[in-house]
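Trainee: The lines below spell out each chain.
There are 2 protein chains.
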Amino acid sequence: MKIGVLGTGMVGHAIASKLIALGHEVMMGSRTANNPKTEAWASNAGTGGHSGTFADTAAFGEMVFNCTNGSASMAALNAAGHERLNGKIVIDLANVLPPDERRSESLGEQIQKAFPLAKVVKTLNTINCDLMVDPHRLSASHTLFLSGSDDGAKKAVRGLLESFGWSDILDLGDISTARATEDYLRLWLAAWRVLGTPAFNVKVVR
Amino acid sequence: MKIGVLGTGMVGHAIASKLIALGHEVMMGSRTANNPKTEAWASNAGTGGHSGTFADTAAFGEMVFNCTNGSASMAALNAAGHERLNGKIVIDLANVLPPDERRSESLGEQIQKAFPLAKVVKTLNTINCDLMVDPHRLSASHTLFLSGSDDGAKKAVRGLLESFGWSDILDLGDISTARATEDYLRLWLAAWRVLGTPAFNVKVVR
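Protein chains in written order, with this note's numbering: chain B, 644 to 849; chain C, 644 to 849.
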């Protein structure tokens, strides 16, 4: 599949490279054309790797990952453009840092509201990027959460996540439940601090 | 030990009855004297069970559980009185419901600030009351979080929690980390909704 990855940080690199490894054609996008970061990534990625602006990347992808920093996500998606996101699945991985910048709604909801014709799915925002793309780094099973208002989009994203190695995926409901996993950020950061590593996740034990 | 339990709801009943079963002497406290709920509980509890006002209960306990509803907790603790809480361990289990009533600080921090000579420990606020007092209801191991600024108090509370059956107890740090577990409430509620039961918890998988 052709997949767009917005964002050039650690998360963008982890997701884009995983997608290449799985055989997808991937464009990594940034604010500017001819960005040395996206060009270096694309040239390392081989024939499946491409580099472009946010708008190029949204136009390229049949599915688009938002891997930008949460506080920059709305600007990045606006640069990507409504007409290039309409009808597409937008997988939102972003968290707003620091978390005490409280909002009356989650970033996932904000994106869905601003892009009503996109199909926003919030997921992967509760773990470190190494675990996002390689859940088997932990020896025991652990849980990934999923929120979104379009069932078909969630089904497609679930399939992609399963190809990443995820098996315990808990669908929390519509996009309003993105607030639940975004609010979890502070517990994640506190646990990271005391565990001394981001290589952990939670398992929902029933 | 003599333990005070503030609150007459499901949480107060679960904690107070567990403490009786473990051989402690327990007073359940409410706003009013001669409250039929606390008197009924105390008479069922046998010789170790007592009933009183919030103030009576704080004076009685060497350790005091706050099992009141989060939005009523400050009023209950003020009725209990500074002079009766000073120097004592206050175990705060409360959550503010609904969770979208955002605060700039957690209830745990608010209590510690308002009662600077009490030793506030936030814990047990991430699970249903049946699991609080009987973690073995779930077949697999799961994690309990602990926050507080007094290490001696946390050690004493950990010992009491171990007597409840808890083994995986993660100390998140000082009382400011109560915010982390209070923010988790929305994820807990969302998971409860889709799982159809409050009989679940998370295990931190490393």
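Some hints could be false.
Said to hold, decoys possible - With a cut-off of at most 35 Å between alpha-carbon atoms, the simulated DSBU-like pairs for lysine-lysine come out as follows:
no., chain 1, residue 1, chain 2, residue 2
1, C, LYS798, B, LYS680
2, C, LYS846, B, LYS756
3, B, LYS846, C, LYS661
4, C, LYS661, B, LYS798
5, B, LYS661, C, LYS846
6, B, LYS661, B, LYS680
7, B, LYS645, C, LYS661
8, C, LYS798, B, LYS846
The hints are simulated quantities; they were obtained by calculation from the structure and are not laboratory data.
Trainee: Find the hints from earlier in the document that the structure breaks and name them by number, from lowest to highest.
Mentor: 1, 4, 7
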